[in-house]
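K.L.:
Listed below, chain by chain, are the residues.
There are 2 protein chains.
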Amino acid sequence: MKPGIKDVAKVAGVSPTTVSRVLNDRGYISEETRKKVYRAMKTIDYTPNEIARALLNNRTYLVGVIVPSISSPFHGQVVQYVEQFLAKDNYKTLLCNSKNRSDTEKEYVSMLRRNQVDGIIVGTHNENLKEYEEAKLPIVAIDRYIAKDVATVSCDNYIAGKIATERLIAKGCRHILCIRGNSRLKMPGNDRSRAYMETMKRYHYEPLIMEVEFIKTIEEKKKLVSEMLEKHPEIDGVFAGDDTLAVLVLNLAREKGIQIPKDMKVIGVDGAEQTLSMVPELTTVQQPIEAIARVTVQTLIDQIEGKEVESHTDLPVRLIEGTTA
Amino acid sequence: MKPGIKDVAKVAGVSPTTVSRVLNDRGYISEETRKKVYRAMKTIDYTPNEIARALLNNRTYLVGVIVPSISSPFHGQVVQYVEQFLAKDNYKTLLCNSKNRSDTEKEYVSMLRRNQVDGIIVGTHNENLKEYEEAKLPIVAIDRYIAKDVATVSCDNYIAGKIATERLIAKGCRHILCIRGNSRLKMPGNDRSRAYMETMKRYHYEPLIMEVEFIKTIEEKKKLVSEMLEKHPEIDGVFAGDDTLAVLVLNLAREKGIQIPKDMKVIGVDGAEQTLSMVPELTTVQQPIEAIARVTVQTLIDQIEGKEVESHTDLPVRLIEGTTA
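Chains Y and A, in that order, are what the protein sequence lines are. Reading the first sequence from the start, the letters are residues 1 to 325 in my numbering. Reading the second sequence from the start, the letters are residues 1001 to 1325 in my numbering.
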């Protein structure tokens, strides 16, 4: 049997209530008694039970983090930082990969509630689920609108789309294809293609948008983009909604013998570390991933502590000048 | 206030003890009573408190997963699958990124103990830490030796090294550089370079090994490999200990005007989905990542349930024929 509070009390020569007070930092305890209790804990290798303390204090310091998949470079790096910032404030990360299935996401929300998490961070791509509203918990969404009262943290998506489109135009592109995710979902990321549309209009160029659903496989996406490029041989620039799509276009161009950047220029959005180390030639608009994670975690903790928070925080992007655009 | 067991009991017209029995599936309860209790739970939107139940049953269904960084393609995909397989058996994943710092890793182990996890899965690169032995918990290590009694799951690293070296030789390479991690650490992955050494000897070719520590930055690694290639212009093949290093060599070769595969051939190990979708031309020996995760999770659950487990499971690799070797 693991040693318990009673064993600590016996060795320290105090009552179990006193040990409990020391552990939970409640009531008046003299410095001498406190030391005696800590010494006894060390002597018998007592590990305080945070689960029991959580029940007592109605705070678990558990935070659920739901993303489509941590094996994508963007979400991997976001969750990496989120976990790091949560850990700094003694919060623990319960990881949930929804694989973009709304039934899985619903089950996760229910599981997180049963486990009394203090809050939830969401970065999925599903339709608004009523489960989040019903959870009555502090929630922060990354680059997504969840519900009226749920705070959102994202990069400045409009500026990202504007920078990308203007870069392609400045580099001489006139027939620019914009590849984006599903427009059916109401997401901050939709501002990227809106900025593209408005920028193209301002320059009096014809916009050309194609939608590629996020949940499709790489092969399916490749086939769709390939058909598009064949149908529109005039395309001389591609603004890809994210770097995964941008890299897909680069690989497709190589297969087709299209020279980048001579025949066609390509720019993406995200700029995750892993992507830039693998494809260093990529020109992209980088999201401030570390800052997004930091602000998300702080916004959640502020909510947990009952403070007022911003309903939407936009963080600045920057252009990474590779050689593809 | 959230509704509690007493509220459920009142609505169902039974005692709180009966509700508790239904929730924990203990003692005899008639089907009719069970239904009454479930109906009452639904009526007042009662969420069972898994934390309270965990304390009662001495099982939390929490599993700590410690990896260096989930933003690496290999660990990202491993953790993705580990979380998925754990969730299938109702276990929850507490994510810990150690960033390869042993002090951080020690703190995580202590935190996981305080939170009464049922077990730990480790995939870090640190020296053996006595904390794991002291934890007296079911532990499974991925591609790592932790302690005498800790089970290890890995790919067949020796075969991986043999396949890679023989592929380069078959493609005509005679001066093959092997880039590997730190040999100071006792890891199953060391078998990759051992297989390289033995294969080279069998063919009477001179082996050339360089060590690049895992914790170095991409830029530092690039500088070291660059110096090595300049010092040994005869190198016509590179066996990189992992795909991150292989891709680094590809990018370096491009910068230096070394043509791949004409002037130099490159092969890696890992074959994570993300890497293959970004660098589809890469020839590599693929680890069975999904199987590694499945066996790891099953081995841990077997231990939690008190079953005997294999001390080391080796899983088969396969060659992915790209165009770089």
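What the hints contain is simulated information worked out from the structure, not anything from laboratory work. C-beta: ideal position from N, C-alpha, C; glycine also. Any given hint could turn out to be false.
No more than 20 angstroms apart at the CA atoms, straight line, and that leaves these computed lysine to aspartate or glutamate pairs for EDC-like [stated by the list, open to error]:
no.	chain 1	residue 1	chain 2	residue 2
1	A	LYS1035	A	ASP1025
2	Y	LYS136	A	ASP1045
3	Y	LYS42	A	GLU1308
4	A	LYS1223	Y	ASP7
5	A	LYS1148	A	GLU1308
So, partial list: chain A residues that the calculated Cβ filter (under 8 angstroms) puts toward chain Y [what the hints assert, rightly or not]:
no.	residue
6	ILE1051
7	SER1069
8	GLU1083
9	LEU1229
10	LYS1231
Cβ pair distances, simulated, as ranges [said to hold, decoys possible]:
no.	chain 1	residue 1	chain 2	residue 2	range
11	A	ILE1029	Y	SER183	45 to 53 angstroms
12	A	GLU1134	Y	LYS35	51 to 59 angstroms
13	A	GLU1310	Y	LYS262	17 to 25 angstroms
14	A	THR1323	Y	LYS231	35 to 43 angstroms
K.L.:
If any of the earlier hints don't hold here, list their numbers in rising order.
P.N.:
As far as the earlier hints go, 3, 4, 9, 10, 12, 13 and 14 are violated by this structure, in ascending order.
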